[in-house]
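Construct all of the structure, not just a fragment, from the sequences and the given hints.
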Amino acid sequence: MSARQPLDQALNEALLAVADDELVCGHRDSEWCAFAPMIEEDVAFASIAQDEMGHARLLYRLLEQRGQGSLDQMAFSRPLVGYKNAQILERQNAGWAQAIARHLVYDLYDDLLTGLYLEACTVGEVADIARLVRREERYHLEHQKTWIRHLGQGGAEARARMNGALGDVLAESGGLFEDLPAHRALKEAGVLPGLPSELQPEFSQRLAALCLTAGLDRPAAPSGGLGGRLGRHTADMEECLATMAEVISEAPNASW
Amino acid sequence: MTEAEVMAVLATVNDPEIPVLSIVELGIVEQVRCRTDGVDVFLLPTFAGCPALELIRRAVVSALQAAGAPQVAVTFLTAPAWTTDRITQQGLDALSSFGIAAPGDAAPACPYCQSTQTRRESAFGPTLCRQVYYCDSCHQPFERMKPLTMAVKVR
Chain C
1 MSARQPLDQA
11 LNEALLAVAD
21 DELVCGHRDS
31 EWCAFAPMIE
41 EDVAFASIAQ
51 DEMGHARLLY
61 RLLEQRGQGS
71 LDQMAFSRPL
81 VGYKNAQILE
91 RQNAGWAQAI
101 ARHLVYDLYD
111 DLLTGLYLEA
121 CTVGEVADIA
131 RLVRREERYH
141 LEHQKTWIRH
151 LGQGGAEARA
161 RMNGALGDVL
171 AESGGLFEDL
181 PAHRALKEAG
191 VLPGLPSELQ
201 PEFSQRLAAL
211 CLTAGLDRPA
221 APSGGLGGRL
231 GRHTADMEEC
241 LATMAEVISE
251 APNASW
Chain L
1 MTEAEVMAVL
11 ATVNDPEIPV
21 LSIVELGIVE
31 QVRCRTDGVD
41 VFLLPTFAGC
51 PALELIRRAV
61 VSALQAAGAP
71 QVAVTFLTAP
81 AWTTDRITQQ
91 GLDALSSFGI
101 AAPGDAAPAC
111 PYCQSTQTRR
121 ESAFGPTLCR
131 QVYYCDSCHQ
141 PFERMKPLTM
151 AVKVR
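The listed protein sequences correspond, in order, to chains C and L. Following our numbering, the numbering of the first sequence begins with 1 at its first residue and continues without gaps. Following our numbering, the numbering of the second sequence begins with 1 at its first residue and continues without gaps.
Calculated from the structure, these hints are not laboratory results. Among these hints, one or two may not hold up.
[Claimed, not checked] Between beta-carbon pairs, the in silico distance windows are: (1) C:GLU142 x L:ASP85: 18 to 26 Å; (2) L:THR2 x C:GLY227: 55 to 63 Å; (3) C:THR243 x L:THR83: 32 to 40 Å; (4) C:ALA254 x L:GLN140: 40 to 48 Å; (5) C:ARG4 x L:TYR112: 57 to 65 Å.
Model, not experiment: these values are computed from the prediction. All residues carry an ideal CB built from backbone N, CA and C; glycine is no exception.
Structure, rendered in structure tokens:
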């Protein structure tokens, strides 16, 4: 029992990062509702937001069962440093090109993370949740791929904006691939088959192939935006948390 | 109560978002277990973010309590995974009568004119489990249940 405790804690840490990524990504997605360039995209981003929140909920629920606090408290009432999402996901929405670029980067990363690592986790509950999550995420990935092709082939203005947004997003996406000591412990013990950083070559290869078919520039490797996994965040995260937690701060005992 | 009696009660509990469809037809009832003092019901969530899950839980509890089960415990399982293949034929017929085409790989028949000259307008619809289609024959937009099956391996 005692030999497993550090590993249990390591897995909790790794799962919290995944859950926080989903939550914060979902929140930014939800902010597109009523502001997207067309009504179909209001619906699509609202729907994607709901999916991401659902995935976060599955993971927080599992963490709750693993003794890590209550679901709502984990989602909305931790201090800023308690959140372990990658910084790129907390950045404020900054236009449609950024939204598509960021979501594509996240969905490509998430497909590899859930498909190669979490589905192969030796802890059954984690693998079960990963399977539920990835089959929904592939609709998101398909959606972003469609958009990136449209924008890449939509004329000089759209292509320039898409190239610019992908460059900006990638220059802050290194945090998705940041390894924690917990990840190394989990790999060493065989609980997860690899490290986040080891997903990066395949991620870059897939992204480059997509950019090629979309007529976009060859993308740079993800870099920068580090520290989110350690609880270090940008000022955008403070605003994000304040908005997400508005209801629970106003009415801590409200039920919904 | 016997398990068959419990299933009969559950067959009267409808999906809040698709009210013509019972949760038994939807295929989310994985198991029921009768105890001397009550009933355990094990359900499979459809889409992870479905906001109807809590409503379904409450509807199951109140329907079984009204039928005489003193204690009802509802548990949502994460395995096995619910897929759209679990919807019964009766359920698919009910969906169609509600104007929602059945999930599948091929172009769906339009629920209004039965033409298969249909195309997907968006993978995302008014609820997580629905997509938006358009019929090129009768020029009617309609919805289809979003196919949800297991994803193939990454490699």
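Here's how the hints hold up against the structure:
no.: 1; hint: C:GLU142 x L:ASP85: 18 to 26 Å; verdict: 20 Å, holds
no.: 2; hint: L:THR2 x C:GLY227: 55 to 63 Å; verdict: 58 Å, holds
no.: 3; hint: C:THR243 x L:THR83: 32 to 40 Å; verdict: 35 Å, holds
no.: 4; hint: C:ALA254 x L:GLN140: 40 to 48 Å; verdict: 41 Å, holds
no.: 5; hint: C:ARG4 x L:TYR112: 57 to 65 Å; verdict: 58 Å, holds
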